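Just so you know, the protein sequences line up as chains A and B, in that order. If you count by the numbering used here, then the first sequence holds residues 1 to 223, one letter each, in order. If you count by the numbering used here, then the second sequence holds residues 1 to 223, one letter each, in order.
If you are wondering where the hints come from, they were derived from the structure by calculation, not from laboratory data. None of the values given here were measured: they were computed from a predicted structure. A portion of the hints provided could be inaccurate.
30 Å max Cα-Cα, derived DSS-like pairs, lysine-lysine [stated by the list, open to error]:
(1) K201(B) - K62(B)
(2) K10(A) - K82(B)
(3) K212(B) - K201(B)
(4) K2(A) - K62(B)
(5) K2(A) - K82(B)
(6) K62(B) - K82(B)
(7) K184(B) - K201(B)
(8) K62(B) - K212(B)
Given next are the chains, with one letter for each unit.
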Amino acid sequence: MKFDLSILAKHIPFLLEGAWLTLQACTLAVIGSLVLGLAVGAMRTSASPLLNRVAAIYVDIFRNIPFIVQLFFFYFGLPEIGIYIDAFTTGVVALSIAGGAFTSDVIRSGILAIDPGVIEAAQVSGLRKSTIFRKIILPIALRASIRPLGSVFINLILTSSILSTITLNELTGSAKIVASNTFRPFEVYFVLLVAYAALTYAVSILIGMLHRHLNRHQQEGAV
Amino acid sequence: MRYGDFTPFDIVLLLQGLGVSLALFVSTALIGLVIGTAWAVIRFYRVPVLMQIVTFVAELLKNSPVLVQLFLVFFGLPAFFKINVTPTEAAVITLSGNSAAFIYVIAVSAIESVGRDQIEAARVFGLTRWQTLRWVIAPQAAAFAIGPLTGLLVNQLQVTSLISVIGVMDLTKVGNILNLRTLKPFLVWTAVGALYYLTAKLVAYAGGRFEKRLRAHTAWRGL
Numbered sequence: 001m002k003f004d005l006s007i008l009a010k011h012i013p014f015l016l017e018g019a020w021l022t023l024q025a026c027t028l029a030v031i032g033s034l035v036l037g038l039a040v041g042a043m044r045t046s047a048s049p050l051l052n053r054v055a056a057i058y059v060d061i062f063r064n065i066p067f068i069v070q071l072f073f074f075y076f077g078l079p080e081i082g083i084y085i086d087a088f089t090t091g092v093v094a095l096s097i098a099g100g101a102f103t104s105d106v107i108r109s110g111i112l113a114i115d116p117g118v119i120e121a122a123q124v125s126g127l128r129k130s131t132i133f134r135k136i137i138l139p140i141a142l143r144a145s146i147r148p149l150g151s152v153f154i155n156l157i158l159t160s161s162i163l164s165t166i167t168l169n170e171l172t173g174s175a176k177i178v179a180s181n182t183f184r185p186f187e188v189y190f191v192l193l194v195a196y197a198a199l200t201y202a203v204s205i206l207i208g209m210l211h212r213h214l215n216r217h218q219q220e221g222a223v
Numbered sequence: 001m002r003y004g005d006f007t008p009f010d011i012v013l014l015l016q017g018l019g020v021s022l023a024l025f026v027s028t029a030l031i032g033l034v035i036g037t038a039w040a041v042i043r044f045y046r047v048p049v050l051m052q053i054v055t056f057v058a059e060l061l062k063n064s065p066v067l068v069q070l071f072l073v074f075f076g077l078p079a080f081f082k083i084n085v086t087p088t089e090a091a092v093i094t095l096s097g098n099s100a101a102f103i104y105v106i107a108v109s110a111i112e113s114v115g116r117d118q119i120e121a122a123r124v125f126g127l128t129r130w131q132t133l134r135w136v137i138a139p140q141a142a143a144f145a146i147g148p149l150t151g152l153l154v155n156q157l158q159v160t161s162l163i164s165v166i167g168v169m170d171l172t173k174v175g176n177i178l179n180l181r182t183l184k185p186f187l188v189w190t191a192v193g194a195l196y197y198l199t200a201k202l203v204a205y206a207g208g209r210f211e212k213r214l215r216a217h218t219a220w221r222g223l
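Take these sequences, add in the hints, and give me the full structure.
Okay, structure coming up:
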């Protein structure tokens, strides 16, 4: 059989619609997992043993159970307890919760990497706990962990393809429809593979730029 | 008795699914280990053309969703090359390739962790290339790689859950069937999640034990 990409031309708008949905889901999930990751990362580095323990259990559970199982748990389980939300919301919530576990680990190690002298200096200066966390700890920790955060988010984009299993027609879901309409699955999925690789490559370049921008004062020779 | 009730046989079904998941996990991890290490050796010796191909393929596999790779192999290959691919074959091909790409990265950094001066010393002692690789590089590289490898394997175990989408009767698929029959999503997915969790913990534990053994020769034995 000939490898013919031209048959895909008239399906491009449909695929772009799916890509738009993927983008929306990923953006929301990135925000969600960042918020969750910050909260849980703060809990894991807090002095309270209880908060610490709760956060550790959350991370342990969601890192060790496959995402598709978590997704099915929410998708089939939530209506059981009377919460009726659509597939998109379920997907974003599940992605955020799973991503939050990974994000919190990155943020935790970012916080732990801060020189204790910096925090002691802030405490001696009489700053309040919340001020120290917001103005001293977070900026340093986040700046240092941009790169690992980036790889977590790239993973999140790749994981978002699993949302197609709960009837959500994002990029992978719409590609599935195109593949069954055109009977050319090889071309469709090959293009999809390259599209995802290009997308994540672009994101990793952006992350690298952001990292360099945020750490521009840390470089040697910077004034 | 309603057909919707749980029966003792459901436990057998779950364990069967776990067995399928585990069998695929172990076999694809081993195949991936062989291929990934071979790729790393190709890179280590800077074999012309092959090295570029390996780097490109590994990047593509790492930066695209496993689900899409799975669809490409399961739906794409049969349609394009007019061959028969069973779900299990597709699962083995995809998961092995995906594992290989990630193991390749670990193996490359493990080989690089062995200093070039050691290799030069081995050459000076008259060891052949193979002997250097087998007796100087491999033991040290293995001790270096086992930590990240354990983390990767825990992740790959969760990736195996995706093969349920193309109809392999693994743990997730069994969960899906039980869920549809009993309509008790919380119970079913909690059981499935717990089984995955325990298996992941077991893999991490085994990795830890193995690491201790590989590092035994450098461990502190006391005076």
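Hint check:
no.: 1; hint: K201(B) - K62(B); result: holds (24 Å)
no.: 2; hint: K10(A) - K82(B); result: holds (25 Å)
no.: 3; hint: K212(B) - K201(B); result: holds (17 Å)
no.: 4; hint: K2(A) - K62(B); result: holds (27 Å)
no.: 5; hint: K2(A) - K82(B); result: holds (12 Å)
no.: 6; hint: K62(B) - K82(B); result: holds (27 Å)
no.: 7; hint: K184(B) - K201(B); result: holds (26 Å)
no.: 8; hint: K62(B) - K212(B); result: holds (29 Å)
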